[in-house]
Amino acid sequence: MELADLLGVVLFGSVLILPIWATGRLFRSVLRRRRRLLDSLAERGDVHTFDMPLTIGIILFGAGAVFAGIALVPGLIWLTDGDTDARRVFLVSWPVFGVFALAGRLAARPGLRIWISEPAGVTVRRVGVSHRDRGSRHDRHVAHETIVSFHERRSPTGAVEIRSTETRLVAPMQLSGFDELLSALRRAAPRAPYTSWRDGRRDHPTPGHPDEENRTSFSISATGTRVTIGVLAALLVTLLVWPWFLVTGESPTRDSFIFVGIGLLLWAMIAGLVAAESFPRHQPSVLELRPQTLAWRTLRGGRHERDLREVVTVTIETDIIYVRGFPGYRHPLRITFVDGPPLELNDARARQMRASTRRIADTVRRHVHDLTRRHAADRARADALAVEAARARADATIGGDARAVDLLRRAVAVHPHPVRLTRLRHIGDLHRRLGEHDRAVSLYRAHLDYRPDDARAWEGLAASFTALNRADLAGEATETAERILLRTGPGDGVNE
Amino acid sequence: MNLLAVGRVDEAVTLIGEAIAADPANADLHVAMARAHHAGGDADETLAAATRALALDVDVAALHLAAVAHRTRREWAESLELLSRAIDLTPDAANLHVGTALTLLGPWIAPADTPAHEAERVDDGRVAEAIHAADRAATLEPELALVPYVRGFVALARDDLPAAASHLETALRLDPEWSTAHLVLGKIRARQGMGRLASRHLAAAGRLEPSDTGALHLLRRLTTPGGRRARRKGRLDLDRVVPDARRILQADLRIGGGGR
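Protein chains in written order, with our numbering: chain R, 1 to 496; chain L, 1001 to 1260.
Source of the hints: derived by calculation from the structure; they are not laboratory data. Remember, it's a predicted structure, so these values are computed and weren't measured experimentally. Check the hints yourself; a few may be wrong.
Claimed, not checked - The following label-pair restraints were derived from C-beta to C-beta distances: (1) R:Glu388 to L:Arg1121: 28 to 36 angstroms; (2) R:Val286 to L:Arg1158: 40 to 48 angstroms; (3) L:Arg1121 to R:Asp453: 30 to 38 angstroms; (4) L:Asp1057 to R:Ala402: 45 to 53 angstroms; (5) L:Glu1141 to R:Pro341: 22 to 30 angstroms; (6) L:Arg1158 to R:Asp453: 21 to 29 angstroms.
Heads up, the beta-carbon is just placed ideally off N, CA and C, and yes, glycines get one too.
Produce the entire structure from the sequences given, and follow the hints as far as they go.
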């Protein structure tokens, strides 16, 4: 091999390696800044990052740089030999590099998304490609207690969604530390509705309109949505079917009318399903808080009214719904009465009422537990019921327990004094012993509104969930109970 | 008795045996012998010594020891009969009422190794009687840790794990150094799925009673040296148990215990 050939090979190698090395240097510097930023944020809580845009940007920019490096070879040939073809290739290569570099820059534009899982909630911060921390001006914070639901969806096309009452945060897949973030949310989610209500007063003001505090009715506008669904269905059928006649140039025949008819029927079915899903009949469309009663109306015109002295619990349940195998958390509102079926209202219906189940629950609970709405006689009656329940329990038979639990529920409903409300766990225990796990769950939930750190109530809740075959929820309640017990259990000389 | 307090049971048995040889008609010596055998965990010899004592003189202590021996041998009816006679003699002894409750709950307290043992676990009013006996003991001696212990077993007989755990926690608040209560509570916590908490109580039981290998055996079953399959079965990684339990298990692993 002659010296000139050897030099050529070295030169070719250099022009390939040089841009890769330069790109590497550039991004090492970027990554160093990123590490420093993450270290500083780690002091606030668990940090989870999503940097797919940056990775794509690096790949595109690197590819462009390699292309530009290769383009140096015809440039050298043009300089040494004056070859016009080489000149053309060299000059054309640079805009190509520019396109790659621009595409890389655009791809990296979303920057780094950082999720900080803090004790109070989740904060999302975005920083640019340079990873310079620009402070918390553009942070989005979602408190745990405002998180209504989140979906654990990790399909290739899916994303992780965290829905709160005000914000919808979407975290694409491959979020590093994703499992930890989800488990943190899972831990917080069942507790979320309880932290806002302790000892009969709100810890946090209701976000949103100031009138929310005094709101006495929640209602939906069903007609508008039904009309929208109908119009959309008709529009879609028209759009799908009519151009077919125009394209084919045929006059509508009997078959085409049948075809259109089938299409309309299908769309009517879909619209019906959507309506049924969005507007469940048994859930209230209007909920009114009247001075001495709680009134609600359902879509089929059913009107109901219950005395405030018949309301036993107003709780937010936690439910997990699996959609295509991915769990999503829901927090429906459940109001139970001394007798009869409970009143339930799910997250979707609450959103239709321009509120959240938590907000509605807070308002209803405040209204129901307002002792100024009770008479002196109510207190005396509640005391008498409690005494009668104690007598029934002393009977120590299953029948005695059933009678006692009924009396205690009535006592709580008639006069929901804070002291009486803290005994809700005992009623829950009695329900559980009687095998009425569904009712026990509501009672435990209501108790945990007042005593969120009562491990025994969490244990009871877990036992009831187990009996109801809700292993997922039972697991979470058990986990919470264990965490509390490990923190506050009796000292046994073990250093934790 | 001082020898028994320091665990020198064999020496105590020898000395009491010599005393009995010198004075075979002394009922108190036979009671002492029964107590020594009870401390040594020998139910048959305890029963034999207590029976000899009862042949000489009907004494509450002898009746109680014989009842305990019968309970250990799973002879519930005989045990209850003797306890009933002891209560007739001293109705205000809280420990006799607790003993009655423990015997009534015997099928649930003793391990059920065979189907016959499982079949004994039928609540034909015995649980209600045990509650009554425990209540009576609580009235006589409210601070007796055995009372919530018995109530814990009542709840356990009804398969009410949260209540059972709560009563045993109360028993441990009254007597934090009670290894058996720690062991039972550890088992309950493990059944509830609270592995970490179970490991805490099992470690405490192992620390308080190192000669009892039950706690160590349960700790081994609760944990796994690794492996996804074992984790799916709800077992804990070694680094997830409480530090005391980890130390015990690491020592166990070092000496190659349990065939792990």
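Status of the hints after comparison with the structure:
{"no.": "1", "hint": "R:Glu388 to L:Arg1121: 28 to 36 angstroms", "result": "holds (35 angstroms)"}
{"no.": "2", "hint": "R:Val286 to L:Arg1158: 40 to 48 angstroms", "result": "holds (45 angstroms)"}
{"no.": "3", "hint": "L:Arg1121 to R:Asp453: 30 to 38 angstroms", "result": "holds (35 angstroms)"}
{"no.": "4", "hint": "L:Asp1057 to R:Ala402: 45 to 53 angstroms", "result": "holds (51 angstroms)"}
{"no.": "5", "hint": "L:Glu1141 to R:Pro341: 22 to 30 angstroms", "result": "violated (48 angstroms)"}
{"no.": "6", "hint": "L:Arg1158 to R:Asp453: 21 to 29 angstroms", "result": "holds (26 angstroms)"}
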